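A.B. asks: Now for the letters of each chain:
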Amino acid sequence: MWNYPGRMLRRASLGRAVVAILLCGVGLAGCGDDDRSSDGRAADAYIVVVEWVLADPEYAPDPALDEMSPVFVESLGPGEIDLDVQVEIVRHFEPVVDIRFIDTRAEALNESEVGAPVRDGGLLLGLGPVPAEGPIDIRGEVYQTSDRVVGYRFRVAKRGQMMVLIEPPQRVEPEGLVGEL
Amino acid sequence: MNAASTHWSPIRWIRHFTSQGFDDLPLLGDREAGRLLPVQALHSFGDTMFAVSLVGSLFFNVSLDAARPRILLYLAVTMAPFLVLAPLIGPLIDRVRGGHRMVLLAALGGRALLALVLATQLKGLVLYPLAFAILVLAKVFTVSRNSLVPVLVTDRSHLVVVNSRLARVSAVAGGFAALVAVAILEASSPGWILRAGAVAYGGGALLALRLPPPHPHENVSPIVEQLELSGPGVRSATLGMSSLRAAVGFLVFHIGFVMKGAGEPAWFFGLLAISIGLGAFAGTFFAPRLRQLVGEQLMLTIALAVPAVMALVTALRFHRVTAVSLVFVLGISASVARRAFDYVVQTEAPHARRGQAYAGLETRLELAWVAGALLAVVSNAPGWLGALVLTIGLGGLAMERVVRQRGAARIESAAARATLPLRLLETAEALAARGDRQQAVFVAVAAADAVTLAGAPVKPQLADLRELGRVAATYHDEHTAEEALRLAHQLVAEAYPAPD
Numbered sequence: 025m026w027n028y029p030g031r032m033l034r035r036a037s038l039g040r041a042v043v044a045i046l047l048c049g050v051g052l053a054g055c056g057d058d059d060r061s062s063d064g065r066a067a068d069a070y071i072v073v074v075e076w077v078l079a080d081p082e083y084a085p086d087p088a089l090d091e092m093s094p095v096f097v098e099s100l101g102p103g104e105i106d107l108d109v110q111v112e113i114v115r116h117f118e119p120v121v122d123i124r125f126i127d128t129r130a131e132a133l134n135e136s137e138v139g140a141p142v143r144d145g146g147l148l149l150g151l152g153p154v155p156a157e158g159p160i161d162i163r164g165e166v167y168q169t170s171d172r173v174v175g176y177r178f179r180v181a182k183r184g185q186m187m188v189l190i191e192p193p194q195r196v197e198p199e200g201l202v203g204e205l
Numbered sequence: 462m463n464a465a466s467t468h469w470s471p472i473r474w475i476r477h478f479t480s481q482g483f484d485d486l487p488l489l490g491d492r493e494a495g496r497l498l499p500v501q502a503l504h505s506f507g508d509t510m511f512a513v514s515l516v517g518s519l520f521f522n523v524s525l526d527a528a529r530p531r532i533l534l535y536l537a538v539t540m541a542p543f544l545v546l547a548p549l550i551g552p553l554i555d556r557v558r559g560g561h562r563m564v565l566l567a568a569l570g571g572r573a574l575l576a577l578v579l580a581t582q583l584k585g586l587v588l589y590p591l592a593f594a595i596l597v598l599a600k601v602f603t604v605s606r607n608s609l610v611p612v613l614v615t616d617r618s619h620l621v622v623v624n625s626r627l628a629r630v631s632a633v634a635g636g637f638a639a640l641v642a643v644a645i646l647e648a649s650s651p652g653w654i655l656r657a658g659a660v661a662y663g664g665g666a667l668l669a670l671r672l673p674p675p676h677p678h679e680n681v682s683p684i685v686e687q688l689e690l691s692g693p694g695v696r697s698a699t700l701g702m703s704s705l706r707a708a709v710g711f712l713v714f715h716i717g718f719v720m721k722g723a724g725e726p727a728w729f730f731g732l733l734a735i736s737i738g739l740g741a742f743a744g745t746f747f748a749p750r751l752r753q754l755v756g757e758q759l760m761l762t763i764a765l766a767v768p769a770v771m772a773l774v775t776a777l778r779f780h781r782v783t784a785v786s787l788v789f790v791l792g793i794s795a796s797v798a799r800r801a802f803d804y805v806v807q808t809e810a811p812h813a814r815r816g817q818a819y820a821g822l823e824t825r826l827e828l829a830w831v832a833g834a835l836l837a838v839v840s841n842a843p844g845w846l847g848a849l850v851l852t853i854g855l856g857g858l859a860m861e862r863v864v865r866q867r868g869a870a871r872i873e874s875a876a877a878r879a880t881l882p883l884r885l886l887e888t889a890e891a892l893a894a895r896g897d898r899q900q901a902v903f904v905a906v907a908a909a910d911a912v913t914l915a916g917a918p919v920k921p922q923l924a925d926l927r928e929l930g931r932v933a934a935t936y937h938d939e940h941t942a943e944e945a946l947r948l949a950h951q952l953v954a955e956a957y958p959a960p961d
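Order-wise, the sequence lines are chains A and B. Residue numbers for the first sequence follow this note's numbering, beginning at 25 and rising by one. Residue numbers for the second sequence follow this note's numbering, beginning at 462 and rising by one.
Derived from the structure by calculation, the hints contain no laboratory data. Note that the coordinates shown come from a computational prediction; the quantities given were computed from them, not determined experimentally. A couple of the hints might just be wrong.
Said to hold, decoys possible - Taking CB as the label site, the calculated pair distances span: (1) Glu-157(A) - Val-839(B): 48 to 54 Å; (2) Val-120(A) - Val-578(B): 32 to 38 Å; (3) Asn-134(A) - Thr-808(B): 27 to 33 Å; (4) Val-643(B) - Arg-195(A): 40 to 46 Å; (5) Arg-183(A) - Pro-726(B): 38 to 44 Å; (6) Glu-135(A) - Val-863(B): 54 to 60 Å; (7) Pro-726(B) - Val-120(A): 18 to 24 Å; (8) Val-202(A) - Thr-581(B): 52 to 58 Å; (9) Thr-581(B) - Ile-190(A): 50 to 56 Å; (10) Val-863(B) - Pro-119(A): 39 to 45 Å.
Unchecked claim - If you want the footprint, here are the derived chain B segments under chain A, 3+ residues with CB under 8 Å: (11) 498-505; (12) 525-537; (13) 760-773.
C-beta atoms are modelled at their ideal positions from N, C-alpha and C, and glycine is treated no differently.
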């Protein structure tokens, strides 16, 4: 009499176990290392760019402020900056600078104020893609208010173990941070 | 009023505060199950610490579009342990000596360890697996605790009270923890909030070791338990409760993502967390009053309908105030629904006492939460659309329940009307057999009248019966009384012929 529900339970447990193993498999697959060397190269290049921007007296954070002003970072596309790259950049600057990658410009800008300044007295930085190989030529744009947007072209290369700027950044016409995200 | 009654004492205040709506029980509701209260309080304290520490986590630094696949993945993986653990928790509580302590110890101890690891990894990618592992253990704790309450209560009628008090204690501990967390954040870093949370989890794990053994359950077949727990009332309540759990899971992730996209500051996320906690707390006070007014099933319907209306308001005008209000209202509703669910289980599944029977139900509720959260992450809907989805989902279910309950009420009322003449006739015959003919005649006339109330056409003999009844009562005529009873029997038998 008790065999029937027992069998059903065993069958149900087996089904559950199969689903659980599949889910764990998917999870473990997702934890895998994607493309570390390419991510590391992109992260190192971006770090050089952000360091240059923060060192520039025009953009350097106000030392008189108690709170650290955030630096919002937007991808100038195509696509997102890889999550692993974002994490590496965040960790590099933490706890000195609060780097925040954004999905929508509303995250970074106070759009209700005149000139749509960056929230909390921070900066909005647009970063173009880093090629997987070959010379690294990155477009970067710095936004302070809607009428103070400056574009740059950064040329970065690896010298020994270090990624460095190989020439002073050239000013270019901003494109990414002047339109809609 | 004497001096003693005006003198304020913290014990008296706590007693008054926690017994609102349940005046007939001691402070902790139930002596044995009451030992769960400090465990629950420490768990809730740790939970709030964990939530506040996330303000300083990677979540606010990386773009959600980039993190979404990772969050989705870990949410999906969150379901896996339930599929495996759910069938194990129940038997562990029921069959293994001290198994109930082991489950809680594992859930709380595991969370303590994970919180300590996470304290150094808040800005690392390992945040996601660690945070979701903590989430899984939180769900394991909830399933285990809710499965434990029915086996720990000395009297099964205390189930609702104990669950209510656990919810209240949980809210108070969470509120206190929020203050402590903010103070730590001001003085130090989010990592220390997590370490303090780990201490609370550890304390909870130690207190779990002091829980009394479960009460030996009555010798009831598991099939009877399962039949009771899968009855229409419990099934309907489970569906309503699961929907609200799914709505909470959906809203937590939906609002979190939308508000981050809108650049809302970290304190606003804290406000959302406080709102849902306050709502849950307020719900425990509304629930007993609402139950007295409308009953459990209607309580559940109201708990679905009210947030649906608030979600509609939010969909029409999505901003900070409406979002916080929606979260608060959903907190109240989920809490009220939980109490209604407990009432239904308590009354409709009186023999279900084993942890195994409850673990399945509770697991379903937690899986609904995960499913709701998954939907929010996958859909990536704008704020108003997510609120509209909630309106349609919760509102649709509330309407379906109203239609079903009205149908059931009609059937029940028709059934009650149909059987009333037969019951009255039986009473009349019993009275006649006892020798109380006069009273028997009156009840017999009422039985014949009830036939017409049930919808049968009025027969001319009914007037004759009433006249016979009047004569029999006026003149104490045995023969007329005999005649009246015979005629009443005939009229009822014609309306309800005996089955062949």
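A.B. asks: The hint says 40 to 46 Å between Val-643(B) and Arg-195(A); measuring C-beta to C-beta, is that right?
C.D. replies: 45 Å, holds
A.B. asks: Please count how many residues of the stretch 498-505 of chain B have a CB within 8 Å of a CB from chain A and say whether that reaches 3.
C.D. replies: violated (count 0)
A.B. asks: For the stretch 525-537 of chain B, do at least 3 residues have a Cβ located nearer than 8 Å to some Cβ of chain A?
C.D. replies: Check passed, 9 qualifying residues.
A.B. asks: Taking the CB of Pro-726(B) and the CB of Val-120(A), does the distance hold inside 18 to 24 Å?
C.D. replies: Since Pro-726(B) and Val-120(A) have Cβ atoms about 21 Å apart, the given range 18 to 24 Å holds.
A.B. asks: I want to verify a distance hint. Is the separation of the beta carbons of Thr-581(B) and Ile-190(A) within 50 to 56 Å?
C.D. replies: About 36 Å separates the Cβ atoms of Thr-581(B) and Ile-190(A), which means 50 to 56 Å is violated.
A.B. asks: Range hint 54 to 60 Å: satisfied by the CB atoms of Glu-135(A) and Val-863(B)?
C.D. replies: Because 43 Å falls outside the window, the suggested range is violated.
A.B. asks: How does the Cβ-Cβ distance of Val-202(A) and Thr-581(B) compare with 52 to 58 Å: does it lie in that range?
C.D. replies: 41 Å, violated
A.B. asks: Looking only at beta-carbon atoms, does the pair Arg-183(A), Pro-726(B) fall within the given range of 38 to 44 Å?
C.D. replies: Distance hint for Arg-183(A), Pro-726(B) holds at roughly 41 Å.
A.B. asks: For the hint 39 to 45 Å, verify it against the beta carbon of Val-863(B) and that of Pro-119(A).
C.D. replies: For Pro-119(A) against Val-863(B), whose Cβ atoms are near 55 Å apart, the range 39 to 45 Å is violated.
A.B. asks: Do Asn-134(A) and Thr-808(B) keep their Cβ atoms within the hinted range of 27 to 33 Å?
C.D. replies: 55 Å, violated
A.B. asks: Check whether three or more residues of the stretch 760-773 of chain B sit with their beta carbon closer than 8 Å to a beta carbon of chain A.
C.D. replies: violated (count 0)
A.B. asks: Between Glu-157(A) and Val-839(B), does the C-beta distance stay in 48 to 54 Å?
C.D. replies: Given range 48 to 54 Å: violated, Cβ gap about 34 Å.
Hint check: violations occur at hints 1, 2, 3, 6, 8, 9, 10, 11, 13; the rest are consistent with the structure.
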